[in-house]
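Novice: Using the sequences provided together with the hints, build the complete structure.
Going by UniProt numbering, the first residue of the sequence shown is number 1, and it counts up by one from there.
Hint data in this document are derived by calculation from the structure and do not stem from the laboratory.
Every residue gets a Cβ at the ideal spot worked out from N, C-alpha and C, and that includes glycine.
Some clues are possibly wrong.
Unchecked claim - Derived CB-CB ranges, DEER-like:
hint, residue 1, residue 2, range
1, W236, D469, 35 to 41 Å
2, D469, A334, 25 to 31 Å
3, L270, P165, 34 to 40 Å
4, H341, D469, 41 to 47 Å
5, R293, E135, 51 to 57 Å
6, G364, A453, 31 to 37 Å
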Amino acid sequence: MHRLFGIHEIIEKISEAVLVQPHGLDRRSLVSVLKTCRSFSVVATRLLWRDLHNLVPLILTMPDDLLGVESWDLDNPSSKFMPRSITFRRDVVPSDWERFDLYAPLVRHLSVIERLEQSPASFLVLDPLIYHALERRNHVLLPNLSTMVASRSDLPAMTFLLTSPIHRLKVHMHPSQIPQLYDLLQFDIPLNMTRLTSLHLAQSGMPWSQEHRSIIGPALATLLRELDLEEFECDWFNLEDEHVELLLKMPALRVASIFKSVAALDRVLLLHPIGKTPRLRSFTIWADTIVPRHLAGILVSLRPGQLEAFSVHPTGPNPSCTTAELAELTRAIAESCAPAHFAQLCLEIWQGVGPVRHAPADFGVLHPLAAFAHLRQLVLPSHALDLTDVEVETLARAWPRLEVLAVNTSAAAPRATLRSLLALATHCRALRSVTFQFAGGATFDDAELASAAGHGLHELSVGCSTAPDAGAVAAFLRVVFPKLALLLWMPGPLGNANNALWEQVEAEIQ
Numbered sequence: 001m002h003r004l005f006g007i008h009e010i011i012e013k014i015s016e017a018v019l020v021q022p023h024g025l026d027r028r029s030l031v032s033v034l035k036t037c038r039s040f041s042v043v044a045t046r047l048l049w050r051d052l053h054n055l056v057p058l059i060l061t062m063p064d065d066l067l068g069v070e071s072w073d074l075d076n077p078s079s080k081f082m083p084r085s086i087t088f089r090r091d092v093v094p095s096d097w098e099r100f101d102l103y104a105p106l107v108r109h110l111s112v113i114e115r116l117e118q119s120p121a122s123f124l125v126l127d128p129l130i131y132h133a134l135e136r137r138n139h140v141l142l143p144n145l146s147t148m149v150a151s152r153s154d155l156p157a158m159t160f161l162l163t164s165p166i167h168r169l170k171v172h173m174h175p176s177q178i179p180q181l182y183d184l185l186q187f188d189i190p191l192n193m194t195r196l197t198s199l200h201l202a203q204s205g206m207p208w209s210q211e212h213r214s215i216i217g218p219a220l221a222t223l224l225r226e227l228d229l230e231e232f233e234c235d236w237f238n239l240e241d242e243h244v245e246l247l248l249k250m251p252a253l254r255v256a257s258i259f260k261s262v263a264a265l266d267r268v269l270l271l272h273p274i275g276k277t278p279r280l281r282s283f284t285i286w287a288d289t290i291v292p293r294h295l296a297g298i299l300v301s302l303r304p305g306q307l308e309a310f311s312v313h314p315t316g317p318n319p320s321c322t323t324a325e326l327a328e329l330t331r332a333i334a335e336s337c338a339p340a341h342f343a344q345l346c347l348e349i350w351q352g353v354g355p356v357r358h359a360p361a362d363f364g365v366l367h368p369l370a371a372f373a374h375l376r377q378l379v380l381p382s383h384a385l386d387l388t389d390v391e392v393e394t395l396a397r398a399w400p401r402l403e404v405l406a407v408n409t410s411a412a413a414p415r416a417t418l419r420s421l422l423a424l425a426t427h428c429r430a431l432r433s434v435t436f437q438f439a440g441g442a443t444f445d446d447a448e449l450a451s452a453a454g455h456g457l458h459e460l461s462v463g464c465s466t467a468p469d470a471g472a473v474a475a476f477l478r479v480v481f482p483k484l485a486l487l488l489w490m491p492g493p494l495g496n497a498n499n500a501l502w503e504q505v506e507a508e509i510q
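Specialist: This is the structure we're talking about:
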């Protein structure tokens, strides 16, 4: 039995469809919908104010005689691309805030992208006089604000918005604002943001020196000591052992993405074991240096009974896993993770010039993962796998919900053929992106093609795959992957000959 939508729900879904377009938010069309009737007006008004990039639209609702907007310099055409400031031209009286307070409760999400937005409001900035007036107000400005992204330009606004019931906060950490960031982490957030459940500390475009990091480190420790977060993300600031210990002690923690060397993380987890109750859902490691032999130990130490995703992302070239290390990790997943939950394994360890490549791993290394029918993403681009068509079909049958597959099947003489792609298309109907290398074509009967036809795959990367007949490969792709939008390949040992093959395939499937 299917649940029927109510009239209000239908109106809301229509309004959402008008607002959210592939190229961005279409606010003008939503305004047109707003003007059609009262039923649409209420819903459309709420959606228009739900997501703001700054406080300018709210300030512009105040009386015209109060606001003064800086004029463009007509003698300087480039001034039209520079932000203009808004100020108050007279003293503010209580009645001036009426329309501001009418729409302020509708704002749920606030993020500043001033110069990227196309509306005129995005090229306006508030001058200090307005900030002072906002700060002097004795009540919560945005009473229903739940998500905020704070960049360098709007840190001044943080002080009077912290009293809003914000649950999710993202702060762009700029080294030129060390004093403000220190106060924010050490005092403002712990004292005012008692409902915070998600914190994302993002790096700005400017590099941080060791001196900057040493100043912020103690403040971050104070912050983590006071909070009980569900989500924490800081994938650029090398966390100290104390930071990791405090973070993993949080009873509510479900999602963590941290920058920490693998060896040091393994040591912290051994010295300070986390609670016995499984609670983490997603864990991501970013590091300059990855030592693969520690990965299995880290996974087990995380008590991964509820874990859904485990990812490792190095920031530079690192040795890929040996066959034994990769096998140890997959066995640890099979023994420690629940098949009903685990859905993503991503080891984006890429190998630079110098280290010796390890021998390809066989089917036995991946076979422990066949127990995970809910697997949605498998990304293993660094370690070569040597699989046959039959083995690929076995894995494809085991992973019916698979959405992203990126494996390195570039053994010296790949045994997988085009038939492996047929197996993936037949049994993994949710696939959106595949990175898979094969050698040689294959012949298929009508029944086999019919079972795989019409797959919705968007991206296919075939590496240095070879095939004897470009026309046959193109015909296969047209039938099986009619929605394919991106086809990628590399020249490989055959150089221009392989380029010519895949250029012909690409031309025929356009």
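Novice: Honestly, do G364 and A453 meet the 31 to 37 Å range at C-beta?
Specialist: Between G364 and A453, where Cβ atoms are some 33 Å apart, the hint holds.
Novice: Measuring from beta carbon to beta carbon, are W236 and D469 in 35 to 41 Å?
Specialist: violated, 48 Å
Novice: Would you say the C-beta atoms of R293 and E135 sit inside 51 to 57 Å of each other?
Specialist: Check passed, 54 Å falls within 51 to 57 Å.
Novice: Given the hint of 34 to 40 Å, is the C-beta distance from L270 to P165 inside that range or not?
Specialist: At 39 Å between Cβs, range holds.
Novice: Confirm or reject the claim that H341 and D469 have a C-beta distance inside 41 to 47 Å.
Specialist: 44 Å Cβ-Cβ, so the 41 to 47 Å window holds.
Novice: Between D469 and A334, does the C-beta distance stay in 25 to 31 Å?
Specialist: violated, 40 Å
In terms of the numbered hints stated before, the structure departs from hints 1 and 2, listed from lowest to highest.
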